[in-house]
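**Student:** Use the sequences and the hints to build the structure in full.
Here the sequence shown is numbered in full-length UniProt numbering, starting from 1 and rising by one per residue.
Derived by calculation from the structure, the hints in this document are not laboratory data. There may be inaccurate statements among the hints.
[As the list claims (entries may be wrong)] Now the in silico label distances, taken between C-beta atoms and shown as ranges:
#1 D22 / I78: 23 to 31 angstroms
#2 S73 / N16: 20 to 28 angstroms
#3 L88 / S67: 19 to 27 angstroms
#4 P20 / L88: 18 to 26 angstroms
#5 A74 / I21: 27 to 35 angstroms
#6 S67 / D22: 34 to 42 angstroms
#7 V96 / D59: 16 to 24 angstroms
#8 E75 / P20: 34 to 42 angstroms
#9 I21 / C43: 29 to 37 angstroms
#10 I21 / T80: 13 to 21 angstroms
Note that this is a predicted model, so its numbers are computed, not measured. Beta carbons are placed, not taken as given, at the ideal position from N, Cα and C, and that holds for glycine.
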Amino acid sequence: MSQNNGEEGSGDLSTNIEEPIDFVRLSLNEHVMIKMRQDRHICGILQSFDQHLNLIISDVVETINTSEIDPDSAEEIIHTTTREIPLLYVRGDSVVLVSKPNRNPN
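**Tutor:** Quick look at the structure:
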């Protein structure tokens with residue numbers, strides 16, 4: 001797993017990214033949003049990662065969306081489940097997308 005080595009999050013990411021994994025490296029110790037398979041999303045602080053994109057995330061908020069069809073109306077019903085996890089290991093092959101959380105422009 002990669003260590004922070006005292007590096008802080010950067011301001012202008014575009015000048016420091018040469019490979020896709022550089023974005024993950026520059027996100028160490030910062031809040032990230034991770035989209036995973038099976039309609040799951042994780043937000044938390046990236047603590048560590050490796051070349052397989054296995055991740056250690058702290059202060060995690062996991063959101064799971066499931067859907068079902070209402071037998072009476074035939075409409076799709078979406079259920080959202082949220083849970084908080086202090087520390088989580090995420091296997092890299094379940095990761096679809098890593099991004100910075102949306103910032104509110106207000």
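**Student:** For every hint, state whether the structure bears it out.
**Tutor:** Now the hints, each set against the structure:
no., hint, result
1, D22 / I78: 23 to 31 angstroms, "violated, 35 angstroms"
2, S73 / N16: 20 to 28 angstroms, "violated, 51 angstroms"
3, L88 / S67: 19 to 27 angstroms, "holds, 24 angstroms"
4, P20 / L88: 18 to 26 angstroms, "holds, 22 angstroms"
5, A74 / I21: 27 to 35 angstroms, "violated, 45 angstroms"
6, S67 / D22: 34 to 42 angstroms, "holds, 36 angstroms"
7, V96 / D59: 16 to 24 angstroms, "holds, 21 angstroms"
8, E75 / P20: 34 to 42 angstroms, "holds, 39 angstroms"
9, I21 / C43: 29 to 37 angstroms, "violated, 20 angstroms"
10, I21 / T80: 13 to 21 angstroms, "violated, 31 angstroms"
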